[in-house]
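Chains A and B are the protein sequences, given in the same order.
Numbering-wise, the first sequence is residues 77 to 822 according to our numbering.
Numbering-wise, the second sequence is residues 250 to 422 according to our numbering.
Because the hints were derived from the structure by calculation, they are not lab data.
Here the structure is a predicted model, which means the values were calculated and not measured.
Backbone N, C-alpha and C define an ideal beta-carbon position, used for all residues, glycine too.
Worth double-checking, as some hints may not be accurate.
[Unchecked claim] Straight-line C-alpha distance at most 30 Å; calculated DSSO-like pairs for lysine-lysine:
(1) Lys378/B x Lys693/A
(2) Lys228/A x Lys495/A
(3) Lys343/B x Lys186/A
(4) Lys378/B x Lys181/A
(5) Lys262/B x Lys181/A
(6) Lys330/B x Lys101/A
(7) Lys101/A x Lys186/A
(8) Lys101/A x Lys343/B
(9) Lys262/B x Lys101/A
[Unchecked claim] Listed next, the stretches of chain B that the computed footprint assigns to chain A, with coverage defined by at least 3 CB atoms under 8 Å from CB atoms of chain A:
(10) 289-303
(11) 339-349
(12) 355-361
(13) 367-380
(14) 411-418
[What the hints assert, rightly or not] Listed next, with one range per pair, are the computed distances between beta-carbon atoms:
(15) Arg261/B x Gly79/A: 53 to 61 Å
(16) Val302/B x Pro179/A: 22 to 30 Å
(17) Arg192/A x Ala331/B: 56 to 64 Å
(18) Thr381/B x Arg359/A: 42 to 50 Å
(19) Glu134/A x Cys379/B: 37 to 45 Å
(20) Arg411/B x Leu687/A: 48 to 56 Å
(21) Pro179/A x Arg263/B: 21 to 29 Å
(22) Pro179/A x Ala272/B: 53 to 61 Å
(23) Ile415/B x Leu501/A: 40 to 48 Å
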Amino acid sequence: MIGASSIRKEGRAKVLGTAIYTDDKFMPGALHGLTVRSEVPRGILRAIHFGEGIPWEEFTCVTAEDIPGTNLVASVVDDQPFLIGIGEEITHSQQAVLLLAHPDKFLVEKARRAVRLEIEELPAVLDIQSSLDLQPLIYGTNNLLKEIRIAKGDPDPIWAQAAHVIEGEYRTGAQEQMYIEPNAMLSVVEPRDGLLQVTVWGSLQCPYYVHGALRQLFGLPEKQVRVVAMEMGGAFGGKEDYPSVNGGHAALLAWKSGKPVRLIYDREEDLACTTKRHPSRTRLRTAFDAEGNLLALEADFILDGGAYATLSPVVLSRGAVHAASVYRCPHVRIHARAVATNTPPPGAFRGFGAPQSLFAMERHMDVCARKLGLDAVELRRKNFLHMGDTMATGQVIREDLDLAGLMDQALAAIGYRDKRAAFALTNPGDGPIKRGVGFSVFMHGCGFTGNGESHVASVAGVEGLADGTVAVLAASTEMGQGKNTVFAQIVAEALQLPVELVDTAPVDTDHVPNSGPTVASRSTMMVGRILEDAAIGFKLALVQQGFLVEPYTPESFQAAVVKAVATLGTLRCYGQYHRPPNIQWDDVTYQGDAYPTYSWACYAAEVAVDLDTFEVKVADFVAVQEVGRVVNPTLAAGQIEGGVAQGIGWGLWEEVTMQRGRMINNQMTNYIIPTSVDLPRIQVVFLENAHAGGPGGAKGIGELPMDGPAPAVVNALENALGALRLDEVPMTPDRLLERCEEVSHG
Amino acid sequence: MLTKNAAGVKARKRLCMTVNGRAVEIEIDIRESLLDVLRDRLQFTGVKQGCSVGECGACTVLLDGTPVNSCIYLATWAHGKAVVTIEGLAQDGKLTPVQEAFVDEGAIQCGFCTPGVVLSTTAMVDSGKCFTHDEVRRELSGHLCRCTGYQKIVDAAERALREADIAADEHPV
Chain A
77 MIGASSIRKE GRAKVLGTAI YTDDKFMPGA LHGLTVRSEV PRGILRAIHF GEGIPWEEFT
137 CVTAEDIPGT NLVASVVDDQ PFLIGIGEEI THSQQAVLLL AHPDKFLVEK ARRAVRLEIE
197 ELPAVLDIQS SLDLQPLIYG TNNLLKEIRI AKGDPDPIWA QAAHVIEGEY RTGAQEQMYI
257 EPNAMLSVVE PRDGLLQVTV WGSLQCPYYV HGALRQLFGL PEKQVRVVAM EMGGAFGGKE
317 DYPSVNGGHA ALLAWKSGKP VRLIYDREED LACTTKRHPS RTRLRTAFDA EGNLLALEAD
377 FILDGGAYAT LSPVVLSRGA VHAASVYRCP HVRIHARAVA TNTPPPGAFR GFGAPQSLFA
437 MERHMDVCAR KLGLDAVELR RKNFLHMGDT MATGQVIRED LDLAGLMDQA LAAIGYRDKR
497 AAFALTNPGD GPIKRGVGFS VFMHGCGFTG NGESHVASVA GVEGLADGTV AVLAASTEMG
557 QGKNTVFAQI VAEALQLPVE LVDTAPVDTD HVPNSGPTVA SRSTMMVGRI LEDAAIGFKL
617 ALVQQGFLVE PYTPESFQAA VVKAVATLGT LRCYGQYHRP PNIQWDDVTY QGDAYPTYSW
677 ACYAAEVAVD LDTFEVKVAD FVAVQEVGRV VNPTLAAGQI EGGVAQGIGW GLWEEVTMQR
737 GRMINNQMTN YIIPTSVDLP RIQVVFLENA HAGGPGGAKG IGELPMDGPA PAVVNALENA
797 LGALRLDEVP MTPDRLLERC EEVSHG
Chain B
250 MLTKNAAGVK ARKRLCMTVN GRAVEIEIDI RESLLDVLRD RLQFTGVKQG CSVGECGACT
310 VLLDGTPVNS CIYLATWAHG KAVVTIEGLA QDGKLTPVQE AFVDEGAIQC GFCTPGVVLS
370 TTAMVDSGKC FTHDEVRREL SGHLCRCTGY QKIVDAAERA LREADIAADE HPV
């Protein structure tokens, strides 16, 4: 059970091709939906012209005027309309203006091209600096979607006293989640018992987000909206908030047409208009004493939040909390801002703001080591957090934490010292291949930031079925990460049953409670913990009502459930999140326990750079992490390997090229993700340190591996090539060539 | 439904092929890809659409034993050919050794690339050739996977190849 590599629950269906993803659902008579978008970054919509040669009378067309409820997508801030109406302001190039549906998918595409939008263009803000400069003002009173300040001590008097003050500026680019299944929605809206019933089946991470969005869009009570999560072909955050938008669009078309509607994005549309990782700019200022002890840290952390707030306030929050990283520092000031631009809103992507600020800090530590004349390993060792230390938010580390041990293990595994020594001898030679080895040390907060868990107050449960097996009731979705299997293992462990007797119920808001969104590395640790409680409650209820006698065998348990279901009918037991008394957080001052706990890691990378082509090959990679107790070693290793691949991609190749606020490399042919020949074998090591708050001692794991690869790889590039301005990812061949030329041209 | 394209040419055609061993005869629109026909008309939804430009490999099917991207293969070109989709591998619910290797090695996460990779691996196994580690990675590089980092996929493919090799040694043809 917990600790065993149980076989993936839905693996058989997936390998047989019988797993049903949204676009696979058989729905006779369904119309094909399409979205007509603005194509200019900012302007006023004056008119929609329906061109000639299209049998428009056969089409279902939905505009803003048709919307029955509120034309705002329910989110952190309700500022994003589903559709822009005539006379309203278009704020990014992919803004939806008109929805079309028709039975013929070729014709609906032809019709989309025949629509002409009359837009009075306005000057647009397309980058962070223009937004900060209010050139022009496009959002609120200051172009800020969110601003956060975190303070500990007072850095101001330190700068003058310190032996060394080192500053740096670091940038990270947008990144596409590139789940292999594009966004997909299917909707039916029909009267049932005289009431309108809105149903959406989709590829979505957070059924209750979509549920809330549909209720607001149609102005309907809870019971008249149903959201079903289908098998999902990857998400990585990309299907966290966007499904509220396209789910709404599909439902609007289904409502107006009275027919089922499929709204399946093709890859080009998906890449151009759905959310990405936020581009960032981080300015760091650090003070050290003569021995290299960190005395003060100031971070100015900025995210490009795009045209609407969407999830930017919470992405910013996580990024800000992680900005001081794993170092002990008495004086910290973090100023974090998410700025508005006229670009399609970025959103959640594995890591959620932390990869951006951690890239800056982990690059900066190597730069500082060089400038201080210290070894990057020893500089970190001197400054690591330990048990009893206080983080930037005032959070005290209460767990046994050995970052130096993690680091030493990763460095030993990659052969850091030997490789450094060898490359120092070989790199000065004439050959075009230069080698380097580098690393990063980092953490990832498990679960929501701050009071997030208290606000959501998740509920999850277990249900006894008529055949004596147990079903998990939770709205947490399976996107490939292994939720079905891990939840079954946690419940099986709590009930002392073989994992085969536990499975998850279909994720349908008519049937499962709101266990919160499937995000923030929270499902195993937070929802798993609730399930553990629910399972124990379920067993106690069976005992107390005389159906079950302890000790029991799996057979006698199954017989007890069969009898209880036959006697009582429905047999369910729920648990709910309760904030542990020792976790305190203040949303206003940003002080307290930002997370119930953290996962910790050191990643090390070896690179080979070809100075003829400036291609970078990652030759070796080691990922050592402490993630509490590992529930399923195979699935956990899969999470790390996949996250590392995405992190290397972000660090080296994955570039979103924007032109006039529009992604222009919006295909898999020119947005480059790693293939099987681009990656080395990744050595994954888990150090287990059971966390009291998680089920069976587990902590969060999903996002951690996204944080470390980019700084480790870029630090390795510095080792290979010497002191260059390696301050940005992705460090593409073009960018690397440019940086090398800066040095050779002085 | 359109019956003629812009040039006025008749846009429908009869297509005869076998899919997973069964003869299929169907009238198609000549603009339809093999992917469209397999998914939309014949309900072989195990064939996945990921990019529509032949880049991701999720739509891979075996055409006379060779893996092809069905999204950029016009259905009409499949006339007279034998198509195998992921639904055609297991017989009577029994997984093939390649499918078993993918399940056991943890090579499946979201599962959207899985049908294509399993079919390409099947073609490698069926070829009877030996592959080095690098060759396995190269053979599978036409399949984009965003979940696994490819490690467990490569492990599964190598396991399936190894087992087939042992099986071949035990039962020389």
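Right, here's what the structure says about each hint:
Note on Lys378/B and Lys693/A: the hinted pairing holds, with a Cα-Cα distance of about 28 Å set against a maximum of 30 Å. A hinted pair counts as satisfied when its Cα atoms are at most 30 Å apart, and Lys228/A with Lys495/A does not qualify at roughly 39 Å. Of the supplied pair hints, the one linking Lys343/B and Lys186/A is violated, its CA atoms being roughly 45 Å apart against a limit of 30 Å. Straight-line distance between C-alpha atoms of Lys378/B and Lys181/A comes to about 43 Å, which puts the hinted pair past the 30 Å bound.
Annotation: proposed proximity of Lys262/B to Lys181/A holds, straight-line Cα distance about 19 Å (limit 30 Å). For the proposed pair Lys330/B and Lys101/A, the alpha carbon gap of about 28 Å is at most 30 Å, so the pair holds. For a cut-off of 30 Å, the pair hint linking Lys101/A to Lys186/A stands: about 25 Å separates their Cα positions. For the suggested pair Lys101/A and Lys343/B, the alpha carbons sit about 24 Å apart, so the restraint of at most 30 Å is met.
In summary, the hint linking Lys262/B to Lys101/A is supported, as the alpha carbons are separated by about 27 Å, within the 30 Å threshold. With 11 residues bearing a CB less than 8 Å from a CB of chain A, the segment 289-303 of chain B meets the requirement of three and the coverage assertion stands. Counting residues of the segment 339-349 of chain B whose beta carbon lies closer than 8 Å to any beta carbon of chain A gives 3, which reaches the threshold of three, so the coverage claim holds. Given as covered by chain A, the segment 355-361 of chain B passes the check, having 6 residues with a CB less than 8 Å from a CB of that chain where 3 are the minimum.
Coverage of the segment 367-380 of chain B by chain A is violated in this model, with 1 residues showing a Cβ closer than 8 Å to a Cβ of that chain against a need of three. With 0 residues having a beta carbon nearer than 8 Å to a beta carbon of chain A, the segment 411-418 of chain B misses the requirement of three or more and the stated coverage is violated. Between Arg261/B and Gly79/A, the C-beta spacing of about 59 Å keeps the proposed range 53 to 61 Å intact. Taken as a hint, the range 22 to 30 Å holds for the pair Val302/B and Pro179/A, whose Cβ atoms sit roughly 25 Å apart.
At roughly 47 Å, the beta-carbon separation of Arg192/A and Ala331/B lies outside the given 56 to 64 Å, and the hint is violated. Between Thr381/B and Arg359/A the C-beta distance comes to about 48 Å, which sits within the given range of 42 to 50 Å. A beta carbon spacing of about 58 Å between Glu134/A and Cys379/B contradicts the range 37 to 45 Å that was offered as a hint. Between Arg411/B and Leu687/A the C-beta distance comes to about 39 Å, which lies outside the given range of 48 to 56 Å.
Taken as a hint, the range 21 to 29 Å holds for the pair Pro179/A and Arg263/B, whose Cβ atoms sit roughly 23 Å apart. About 29 Å separates the C-beta atoms of Pro179/A and Ala272/B, a value inconsistent with the hinted range of 53 to 61 Å. At about 44 Å, the beta-carbon gap between Ile415/B and Leu501/A stays in the expected band of 40 to 48 Å.
Hints 2, 3, 4, 13, 14, 17, 19, 20 and 22 from the earlier list are contradicted by this structure; the remaining hints agree with it.
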